[in-house]
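There are 8 protein chains.
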Amino acid sequence: LRTGDPEVIYAAGKTPEQVVAIARRLHEAHPAHPVLVSRADDAVRGALRDAFGGLCTEEPVGRMVAVGAPPVVSGGKVTVLCAGTSDLPVATEAAFTARVCGAEVVQVSDVGVAGIHRLLATRPVLAASDCVVVVAGMDGALPSAVGGMVGVPIVAVPTSVGYGAAFGGLAPLLTMLNSCAPGVTVVNIDNGFGAGLAAARIVRGPRGNTEAGR
Amino acid sequence: LRTGDPEVIYAAGKTPEQVVAIARRLHEAHPAHPVLVSRADDAVRGALRDAFGGLCTEEPVGRMVAVGAPPVVSGGKVTVLCAGTSDLPVATEAAFTARVCGAEVVQVSDVGVAGIHRLLATRPVLAASDCVVVVAGMDGALPSAVGGMVGVPIVAVPTSVGYGAAFGGLAPLLTMLNSCAPGVTVVNIDNGFGAGLAAARIVRGPRGNTEAGR
Amino acid sequence: LRTGDPEVIYAAGKTPEQVVAIARRLHEAHPAHPVLVSRADDAVRGALRDAFGGLCTEEPVGRMVAVGAPPVVSGGKVTVLCAGTSDLPVATEAAFTARVCGAEVVQVSDVGVAGIHRLLATRPVLAASDCVVVVAGMDGALPSAVGGMVGVPIVAVPTSVGYGAAFGGLAPLLTMLNSCAPGVTVVNIDNGFGAGLAAARIVRGPRGNTEAGR
Amino acid sequence: LRTGDPEVIYAAGKTPEQVVAIARRLHEAHPAHPVLVSRADDAVRGALRDAFGGLCTEEPVGRMVAVGAPPVVSGGKVTVLCAGTSDLPVATEAAFTARVCGAEVVQVSDVGVAGIHRLLATRPVLAASDCVVVVAGMDGALPSAVGGMVGVPIVAVPTSVGYGAAFGGLAPLLTMLNSCAPGVTVVNIDNGFGAGLAAARIVRGPRGNTEAGR
Amino acid sequence: LRTGDPEVIYAAGKTPEQVVAIARRLHEAHPAHPVLVSRADDAVRGALRDAFGGLCTEEPVGRMVAVGAPPVVSGGKVTVLCAGTSDLPVATEAAFTARVCGAEVVQVSDVGVAGIHRLLATRPVLAASDCVVVVAGMDGALPSAVGGMVGVPIVAVPTSVGYGAAFGGLAPLLTMLNSCAPGVTVVNIDNGFGAGLAAARIVRGPRGNTEAGR
Amino acid sequence: LRTGDPEVIYAAGKTPEQVVAIARRLHEAHPAHPVLVSRADDAVRGALRDAFGGLCTEEPVGRMVAVGAPPVVSGGKVTVLCAGTSDLPVATEAAFTARVCGAEVVQVSDVGVAGIHRLLATRPVLAASDCVVVVAGMDGALPSAVGGMVGVPIVAVPTSVGYGAAFGGLAPLLTMLNSCAPGVTVVNIDNGFGAGLAAARIVRGPRGNTEAGR
Amino acid sequence: LRTGDPEVIYAAGKTPEQVVAIARRLHEAHPAHPVLVSRADDAVRGALRDAFGGLCTEEPVGRMVAVGAPPVVSGGKVTVLCAGTSDLPVATEAAFTARVCGAEVVQVSDVGVAGIHRLLATRPVLAASDCVVVVAGMDGALPSAVGGMVGVPIVAVPTSVGYGAAFGGLAPLLTMLNSCAPGVTVVNIDNGFGAGLAAARIVRGPRGNTEAGR
Amino acid sequence: LRTGDPEVIYAAGKTPEQVVAIARRLHEAHPAHPVLVSRADDAVRGALRDAFGGLCTEEPVGRMVAVGAPPVVSGGKVTVLCAGTSDLPVATEAAFTARVCGAEVVQVSDVGVAGIHRLLATRPVLAASDCVVVVAGMDGALPSAVGGMVGVPIVAVPTSVGYGAAFGGLAPLLTMLNSCAPGVTVVNIDNGFGAGLAAARIVRGPRGNTEAGR
Ligand SMILES: Nc1ncnc2c1ncn2[C@@H]1O[C@H](COP(=O)(O)O)[C@@H](O)[C@H]1O
Ligand SMILES: Nc1ncnc2c1ncn2[C@@H]1O[C@H](COP(=O)(O)O)[C@@H](O)[C@H]1O
Ligand SMILES: Nc1ncnc2c1ncn2[C@@H]1O[C@H](COP(=O)(O)O)[C@@H](O)[C@H]1O
Ligand SMILES: Nc1ncnc2c1ncn2[C@@H]1O[C@H](COP(=O)(O)O)[C@@H](O)[C@H]1O
Ligand SMILES: [Mg+2]
Ligand SMILES: [Mg+2]
Ligand SMILES: [Mg+2]
Ligand SMILES: [Mg+2]
Ligand SMILES: [Mg+2]
Ligand SMILES: [Mg+2]
Ligand SMILES: [Mg+2]
Ligand SMILES: [Mg+2]
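Chains as they are written, first to last, in this note's numbering: chain A, 1 to 214; chain B, 1 to 214; chain C, 1 to 214; chain D, 1 to 214; chain E, 1 to 214; chain F, 1 to 214; chain G, 1 to 214; chain H, 1 to 214.
Just chain A, same shape as in the assembly (with noise of 0.2 angstroms):
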């Protein structure tokens, strides 16, 4: 087990039953860490909450369930960025998985590149971060223009977001790898899981060795 990492189980594609049984297999070999349920629709948040009552913590929006220990705030600070209703989903997975880690999150929802104003807006929040998660389907911009506001890592999160030549996330994801801004990395679309987990690692700083490997 990875120092700070919680466990984690995919739940798509999976049975309520698979996921509650992997959840029990992973939170009995640790009942210390938590384990991390994403992509868990009502039947599956449904069926946590059944097995686990109170142990479980519930993110409906980011279809997201941790089972076990609180997380602790350990690390520095997150910030998820993303431009409203569409994208909340994906961005709230991206926040919800950095807390479970240890990260303290700032959620911002109503920003995009069309609106530099409200963008602007935003710059003692970024200020304040240690790193930025960027959410955005259809053109991908926001990442771009955040680039340009903070001196942090930035973490790109391409949604399938969008319709036509959006090509199911293929459009923001190629804008996010071809960003000019520097500091800019990137994930796979729709995976705020993974920008959630690089960022708490990002502002945890180096601790994660000591039991890799397993």
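Please keep in mind that the hints were generated in silico from the structure rather than gathered at the bench. One or more hints might be untrue.
In silico lysine-lysine, DSS-like type, Cα no more than 25 angstroms apart, as pairs [unchecked claim]:
1) 77/B / 14/C
2) 77/E / 77/D
3) 14/G / 77/F
4) 77/H / 77/A
Some chain F residues near chain G, calculated using beta-carbon distances under 8 angstroms [said to hold, decoys possible]:
5) 41
6) 43
7) 61
8) 117
9) 155
Just so you know, even glycine gets a beta-carbon here, dropped at the ideal spot from N, CA and C.
Given chain A's structure and the hints, the job is docking chains B, C, D, E, F, G and H with the ligands onto it.
Just chains B, C, D, E, F, G and H with the ligands, lined up with the frame of chain A:
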């Protein structure tokens, strides 16, 4: 012949002799209209100079030559924006084309989405524009940001500048097609000519139909 | 708020309740401007009718609703062309949007590139247009043919109509980006809204900058 | 050996010596049939002239050479259409191949979809054709328009002419595969040879099976 | 109306009522010509039967209906080949279309490239054909093998049968476009209709130009 | 070191000096095993000859050199098939690699799917094979046809031979992955080395694990 | 019929009745050989049970049924590896197929490239294998790591497990085709059947040619 | 200017004179900060040496030059891993960039996923790292394996090394985006500069915001 639009020769893949011959034929048919030559390298530009002398107006950065009647400003104002060195040939192709088509053109060449202050400094120029052409490679994010600053039509030109996942301009092309900003339309990768001509039509107003349909 | 352009809500992926709530907020902020709702299915249109009653103007073919102040014709003439049944929803989305944005709009819906006589018969309508929106799926060839008939800006809209090697609209998108006809610019696949708004800006002229950059 | 079809050598990637050797072997095996060499650059054409002298018929624009028995017109009429300079090599490859395969061939090289009047002017030629080969790059729209003017089979050839989103001929290939016009079939990008041979078979009628299946 | 070709309605995405209405209009305009309906599911076929009764000829496997004058064999012989169950709907669409367009049609449905003996057994049928339509999904290899057995035109139809790297028919489409066998031309994925119509034109000979260009 | 497999140096993108240095190090470490150099152009082959003299076995067509102990036939029979001139370098790379890895190798180089009689003539050779490597570009149809003739493993190698819609070998790669014939597995485009090594392992039998996992 | 390989029915897209009918025909033709049904959902499996009763061997995880003579172990050892829950259906399809084809099969289902210790723990199993089938989705990295641990042929199966930039299995497919490890060959996405059959042929040795080429 | 990050000039596509001019302007504006030049070939490096003499620090393998103040180690430890010769230029670009940005850097260049023992031998180096940059072409599998060995952020860099289905780096890019290992983020193909800068920011901690947003 359509009112206001010059005849155009795309010189790539043609010999200087072929270009001169076509230009001569077009010029003789309509001596009062300029003939525009795009993608004109040194050899083509030299051959046109040798053949037409003072009838030529040259634009080496944009690799263009206009043969014949100098352009007369007859339309509104077009602003052409790009980030710098690498996108300049395409941006200049757009600017020169728009001028030859009768537009008044301002070219601004040091704005990028990652430098918000320089972008905001272009606001007075943008506010005086009837159409904005935005040229960008790599992430192609600039039109989305400009789209938040103007209420006039924006013609976006993706360029093949970049490497790797820019895939020869595919990345900025997709970015621009998916722009969240209203009023953005897009032309082919590196098609400064097409953008300049469309912008000139936009700022000229409805006078093009009298001779159409030859 | 930009002069002349309505606020827009993209209803796909939102619940009727979410759409109504956003529409109410936007309408109350700017009661004198229409709020446009696109991709509004029966449920969304019903919810908007229930919430706003006579304030709604509905366009079921284009799956649109305008809430609030009725459009006032303040600009030039936009013609919207398509081949028929299958492309009608996108073409109607473009036409309705352009109308709400103040353009005078004519919609012609039975022209295709393989029926040259019917296409030539549209010449009088085209000759009276200040901008032409051309909507086409499958081969997307129509804008190239129309481009030979007019001297005004053409906004081309590829649609996802077709199957097999149409690849969800990729084929007509590429066709249109490569159009040999001058003056053609392109928007995203199925983006009738974007084409209608751009066309309305084109025929409105330079009045959009006063309030931009909110 | 199939009746009417020549043996063919694709010279690209072969040395002049290799081409001459293969041609010699094929010519000696069937002296009464022409051997066709495609993609024959200056060096290959020179080597064939040196080796076979007056037995060679050369077509430099189409980069082809026929070695041996001159073609005899034995079939119907094929018309080969293209827009001009850039598509001429492929169109000429198609025309020369069809001739060597026994067709009577007319080549028209200044029609494009954006110039409807010139296209309509080809009607008498088209009306006298038994098969039409249409060669086009960039938007590849020409076959769709021609498809509305004839009732005979149309063989469409996309070319790699163009840049950016033409993606080496992918754009016109998809356009042609999605053509709404009836009777259109398609060959590989730049495959003038394949189109010419198919057209010759089409206008020759059912006489090819006697010796097939060697 | 082109001589010999029926009017066609592509029923996918249309309501049964829309299809019946269009069919009625077309039938009344040209009662002597059949109207063909493709991609006609059970509901559409039922509605056509209700509306036109004995005027309908149905082909449920090919999902087609012909309304009106029964086809008269007026052309040569078309053979339609495919490997079996999965490709049958597309092959039958091709066969039925060719018949309605006046061809004499033989359909063979159990040949594949991996069973060479069964393929060789089709030689007598192929030898009596004036055109061969070959329908294949997955690897799309069958047209290349058939191409070695006949001297007549081959129309290849890729299908969307397959999974994974078949990519919805892209794999057999590319295979067929790259066929090393002479005389092969290709239509869109699953476009049995287009192949059948092209084949019928091929075996009918040059009689289609009299009324073209409506 | 794995039993039976040589060490390999991929010479593309390396200087002759780098290749010689790596070869010397590997040869000195295991003098009893051959060192194989792939993609060895004239300069690399010359440098290896200069450095190792009689220790070198050269294969110019396959652009390969083996340095050190000559191969000992220790396994079964591999047959390598291709259609001819263009695919020969890749086929020969496969054949030479398999030989150096201990297989007995037969190479047949004039079979194609469009020439069924020549293909059927290879039946005796195929019947005596323990593994067949099939190399093909363009349509890549050959492995599917061979798959119908043998009951042993088939390793298919797509090549970058072709143009247009061959897309650098993508077309035959997809064809082969979708082969309907049983027993076909596929390697990377132009990877004759990988196919030869896999074939040698297949015909060698289960002896490779003793020293694995260095 | 090829020695050792069963006849196979791919049930996807077929009705239970069609599957039973084909299975009955194949079983009656060769009662001594098993008939394999792949992609058999609950309804298909039920229909086969009803029709063949005790003649059926079912594998619900791999969605397979074998009808007829039970498999006899006649070949070497195949090990099938995958990472877990999501890849299990494909891995089990491979394992069951290999067993029906006569191989002795071991299936290990909890190894991933990110857990090196668990991977190293499989070394004894791998050392006893004559062929290894490696099934992986998402990054598809597992075959490369396994490739460093064995000296026998490796058959890699990419799966469509994953989301976003996995693009339906394209990502692991490309990973596997580019594997730097020697001895890896690849089958189509999710093609557990093909991998199992190829593996069984590999460990069976050269006995398949006697009856081939039916 | 952002704290800690140098200004950067991407020299590809610029003349040596242009690079020197830009470098001079940047150096004079901020003499206390290094100016970094990437993709600097021999001519560019020579011109920079001529212009700036002892102010230059050169890194020929990584094709980089730093002009001005030498880097001061102010952050944590970055380890840069790659497999060898071919990936070295990109890995060295990353390492040099990270050093110029203030990181302490260790570069290890002989690990690959197919050589597990050598990979495991890097464990002590990895355990002492605050961030790991992993550079890999072809299958791009290395980051996934390294991801199982550390608990710190991993920045993965796909390279264009490889051929065929590597598609210019697309294969390793997709592999890395789909990595199952936690903590992996990705940059553009061959973007060693971007990875090095991001890694330096990661190990520097939260000090970059004071001067941001120029
Ligand atoms: N939302 C997510 N996106 C991507 N990977 C995830 C996600 N949630 C969990 N994972 C990864 O999936 C693995 C668990 O997969 P599984 O064993 O199928 O539950 C873990 O290694 C996680 O790193
Ligand atoms: N199955 C089919 N595949 C492709 N095109 C078709 C098909 N059936 C009809 N068409 C074409 O679709 C057009 C009719 O489309 P629509 O007007 O939407 O019914 C005609 O021009 C036909 O050429
Ligand atoms: N022609 C080839 N194609 C693919 N891989 C090869 C080839 N030749 C050698 N290799 C592989 O490349 C690796 C050697 O690469 P390198 O260390 O760069 O010489 C070995 O692991 C071989 O498996
Ligand atoms: N090797 C590189 N790869 C990607 N971006 C780079 C590289 N080197 C410099 N850049 C970026 O390119 C921009 C400078 O481009 P330019 O103004 O054309 O010199 C800077 O913003 C850098 O972030
Ligand atoms: Mg955005
Ligand atoms: Mg940009
Ligand atoms: Mg069209
Ligand atoms: Mg064209
Ligand atoms: Mg097939
Ligand atoms: Mg082949
Ligand atoms: Mg894996
Ligand atoms: Mg690697």
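Q) Can the restraint linking residue 77/H and residue 77/A be considered satisfied, given a maximum Cα separation of 25 angstroms? A) holds, 21 angstroms
Q: Tell me if residue 117/F is really an interface residue toward chain G, meaning its C-beta lies closer than 8 angstroms to one of theirs.
A: Nearest chain G Cβ about 14 angstroms off; hint violated.
Q: Sort out whether residue 77/D lies within 25 angstroms of residue 77/E, counting only the CA atoms.
A: holds, 21 angstroms
Q: Compare the distance between the alpha carbons of residue 77/B and residue 14/C with 25 angstroms, and conclude whether the hinted pair is satisfied.
A: Outside the cut-off at roughly 40 angstroms; violated.
Q.
Take the shortest C-beta to C-beta distance between residue 43/F and chain G; is it under 8 angstroms?
A. violated, 25 angstroms
Q) Holds or violated: is there a CB of chain G closer than 8 angstroms to the CB of residue 155/F? A) Hint holds; residue 155/F Cβ to chain G Cβ min 6 angstroms, cut 8 angstroms.
**Q.** Proposed proximity, residue 77/F with residue 14/G (alpha carbon, max 25 angstroms)
**A.** Given pair residue 14/G, residue 77/F is violated - Cα atoms ~40 angstroms apart, limit 25 angstroms.
(Q) Just to be careful: measuring from the Cβ of residue 41/F to every Cβ in chain G, is the smallest value less than 8 angstroms? (A) violated, 22 angstroms
Q: Against chain G, run the beta carbon of residue 61/F and see if the smallest gap drops under 8 angstroms.
A: Violated. Min distance 22 angstroms.
When held up to the earlier numbered hints, the structure conflicts with 1, 3, 5, 6, 7, 8 and fits the remainder.
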